[in-house]
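Asker: Now for the letters of each chain:
Protein chains: 2
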Amino acid sequence: MNGAESLVRTLVKGGVEVCFANPGTSEMHFVGALDRVEGMRCVLGLFEGVCSGAADGYYRMTDKPASTLLHLGPGLANAAANLHNAKKAGSGVVNIVGEHALYHIKYDTPLTADIEGIARPFSHWVKTSPTSKTVAGDGALAIQAANVAPGQIATLILPADTAWGEAEGVADTPAAPAAEKPSKEAVVAAAKALKKPNSMLFIGGRALRARGLELAGKIAAKTGCKVQGAGGTARIERGAGRIPVLRLHFVIEQAQAQLKGTQQMVLCGAKAPFAFFAYPGKPSVLTPDGCETTVLCPVEGDILGSLEALAMELDAMNEKAAGVAQPSRPERPTGKFTLDGLGQALGATMPEGAIVVDESVTTGRGFFPFSAGAPPHDWLNNMGGSIGFGAPVAVGAAVACPDRKVICMIGDGSSMYTIQSLWTMARENLDVCVMIFSNRSYNILYSQLADVGAANPGPRAIDMLTLDRPTLQFTDLAKGMGVAAGKATNLEELTKQLTYAMSHKGPYLIDVIM
Amino acid sequence: MNGAESLVRTLVKGGVEVCFANPGTSEMHFVGALDRVEGMRCVLGLFEGVCSGAADGYYRMTDKPASTLLHLGPGLANAAANLHNAKKAGSGVVNIVGEHALYHIKYDTPLTADIEGIARPFSHWVKTSPTSKTVAGDGALAIQAANVAPGQIATLILPADTAWGEAEGVADTPAAPAAEKPSKEAVVAAAKALKKPNSMLFIGGRALRARGLELAGKIAAKTGCKVQGAGGTARIERGAGRIPVLRLHFVIEQAQAQLKGTQQMVLCGAKAPFAFFAYPGKPSVLTPDGCETTVLCPVEGDILGSLEALAMELDAMNEKAAGVAQPSRPERPTGKFTLDGLGQALGATMPEGAIVVDESVTTGRGFFPFSAGAPPHDWLNNMGGSIGFGAPVAVGAAVACPDRKVICMIGDGSSMYTIQSLWTMARENLDVCVMIFSNRSYNILYSQLADVGAANPGPRAIDMLTLDRPTLQFTDLAKGMGVAAGKATNLEELTKQLTYAMSHKGPYLIDVIM
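Protein chains in written order, with the working numbering: chain A, 1 to 514; chain B, 1 to 514.
Errors might be hidden in some of the hints.
Any copy will do: because identical chains look the same in the list, a pair fits if it lies in one copy or spans two.
Calculated cross-link-like contacts (lysine-lysine; reagent style DSSO-like; alpha-carbon spacing at most 30 Å) [said to hold, decoys possible]:
{"#": "1", "residue 1": "106", "residue 2": "271"}
{"#": "2", "residue 1": "181", "residue 2": "106"}
{"#": "3", "residue 1": "13", "residue 2": "271"}
{"#": "4", "residue 1": "13", "residue 2": "196"}
{"#": "5", "residue 1": "336", "residue 2": "320"}
{"#": "6", "residue 1": "106", "residue 2": "260"}
{"#": "7", "residue 1": "260", "residue 2": "271"}
Honestly, the hints are just simulated from the structure, not real lab data.
Same shape as in the complex, but just chain A (with noise of 0.2 Å):
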């Protein structure tokens, strides 16, 4: 068995079985163990940035981290925005990035690049492994890391001399840290705040699936405190019997009028709320004067271990959960595109189970309130902000879950960093509904420019904003790559398309022209 097998091994046997893969030369000897070794689905993407969302996708489906398969340094830088985007989001992931021999190292020959510092920005963890007999070994530290809760990136770098060279065997995966409770401090401390007027459980994480929503919501019986979203949430589970939250607004002035007023926050899963960007003259704090602020649980801790304690602190687990939403469906709406109209729109036709991953930016900021009663679903947002995030995560989505339809909803400006995706779900046939909000242009951009005192532009900010000139078709790059398409030009056209994407599995496009 050489190092690539035994690598390949102990990720199977390690839980990780799913490999999405751009690779090359260097990795030639793990694509070939591939044959070898039963377990690892291999799904492969034209563009590495495929790979890494992917990746992100199927952790926040599973809980359980995917690989990846890239070349060398430029393949990982490739991949890179994403793992940003993933690492925000705490999802794990295990990057297998392929190397030179190492003696080949020194001649610096054209793919030759600063790997480890490549990967240190985007990664929790990094290593080269040096010999074809430590890579199983290595292989399962990075399992370990990745599984760090609440999910971290492990980035392990394979000499293609390592990878060729004869392995030692198959390594076992030591299991990761637990996540840490909270102190009995804690605590009491976070029972006492919620007990006081004016007070907010703010969440994040875990905190947002079913289970952490209906602590919240007992909690929220008992006390009285408000229970906001954080900003970005890597998962939310919704719909008709569960706690409906809010995500905290990206216009600061928005998140402070849903903040007005607080007095004790307390943070579970979450960081205290900061605005997105700066801006002259506006805070970078969001929490209201005053407020006073005490933390629960951090990101990385046990946080429905911390809801149940606080809860049972609180002698709130016999509470009826407070808010629990009722089935209700919009109507189907009619007429030209609005902004409700599309939320009512999605509202209205989204199947039980569906999977939403929304990179609407600008377009979906609203559409929350229209499906609160849906049936059950998942809501997953971009929690680094770097955009190109949407096609790719619901690319790992639809692989983790192949029984549930995934409805993507991406605007124009940030499907076009990753248009790839549209590749993989056909050759996988991935149950996915696409929606592009064709606006054309960068709209968030407008108001951004705005907000940072760059007002009145003139036609050359302007040119920088617009994706007018031509108009991106997107029904014809959906052709381009196998994926079926059409066209809304209203509401009624959006919805008779939904309904048709929701009744039929696969890959299908629907361009929003707004």
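Position chain B relative to chain A; hints supplied.
Answerer: Positioned in the frame of chain A, the structure of chain B alone reads:
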């Protein structure tokens, strides 16, 4: 004048007249300044790798750096693979990377990342400007760094508050240090080596421009040495009236055949020949055993000055350069596609002044002889080995040389990494003919799989090398981005399509279905 405007004015004053941009919120002041400053052409890319590759192509054709405008760490990461290629090619680039306001960084909001850490592996020079008053001066230093021979990557990080704060004015760019001339000893040693039997002048960088080749031809006429181009070549001036050189072959055995028998090798603007990748049982060093190597001029030295000094030392300045190519074109080829036929089709149709950007990978390795006598043209190759190079470099070359036809040859696999380039070609009406060689595979990997000793691939391995499920329809992809396109399924159709493309201004794509 704010910091951003002081930077734009400093760039223009320092000779940086083009900005390949994909901006976001943190760059809005830079964008806002564009309308107040004359002399900066801003070209939008839908993906950052388009911008960095375009800057590379622009430098190769002008010997002047362009700037890129990128959105924080992930935007820089998306640009990195083509920055890697530009760095290896010796292209000067000034990256302007937005950053959060300095006071905002500590809140670790979604887009916060270690931007300097991301920049370092791909940059010769990295700085975060600390205040709005230092931005102009730091911008001037970045231009100076980019101008260091043969051309360097300079990355200036621009925190939003240094962009919006008040500046002190515009800065003058100091001259970069002149490239070092060769020592008298090096020139004498090189002359002595080349006068011995079985000698070779091994050249790269600007030795491959017309004047360098002419000098090499004079030296060859005088000494009888062979002249051999390096494997990677940033830009070769070729065609009738010029001294033709071959590049060193990618395949080890063929490279060894080119170098066989060489007993004296003189390096000028190129490193000694090494294998691109390491393979089990094959050498990394390609110089024949016992061959003596003499460095006349390193990659960063005064290459043309060195060749002149050498020619003078050899009393060769009045020699007639050996091997000048005579005007000749191949016949228009007919019938089924063959690799030679493709080279003939190109040689038969390329117009005078064409700029050939070559990312044809396995397809185009043998094209050179068929265009050796074509009208004078330039030929640009990938120096860094990161695919996704061709179309972005073509964008930059076309912006640099609006009166010349750019012919961009790309393998289908390679094209998909930066396919967004087509949109920029359409938007700017760039005069680029894109030929996609559709062999529906990462064809190079089949041979590589065998070369690394992983022969006889099974179905899972083969699945990682093939692009035929689904088949990419490049004419649809082009249409989706506003570029006219046609298909060619044999050599008659190809020459017809090429003839059409050469006689029309503007972008055109030919899907060469092999």
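Asker: Next, verify each hint and record whether it holds.
Answerer: Verification of the hints:
For a Cα distance limit of 30 Å, the shortest separation of residue 106 from residue 271 across copies, 12 Å, qualifies, whereas the shortest one inside one copy, 44 Å, does not. For the homomeric pair residue 181 and residue 106, the shortest alpha-carbon distance between copies (26 Å) is at most 30 Å, but the shortest distance inside one copy (47 Å) is not. Taking the shortest alpha-carbon separations for residue 13 and residue 271, neither the intra-copy value of 35 Å nor the inter-copy value of 45 Å comes in at or below 30 Å. Taking the closest pair of Cα atoms, residue 13 and residue 196 never come within 30 Å of each other, the shortest separation being 50 Å inside a single copy and 61 Å across copies.
In this assembly of identical chains, the alpha carbons of residue 336 and residue 320 never lie at most 30 Å apart, being 41 Å within a copy and 75 Å across copies at closest. In this assembly of identical chains, residue 106 and residue 260 lie within 30 Å of each other by CA distance solely across copies; the values are 24 Å between and 59 Å within a copy. Taking the shortest alpha-carbon separations for residue 260 and residue 271, only the intra-copy value of 18 Å comes in at or below 30 Å, while the best inter-copy value is 64 Å.
In this structure, the earlier hints numbered 3, 4, 5 are contradicted, and the remaining ones agree with it.
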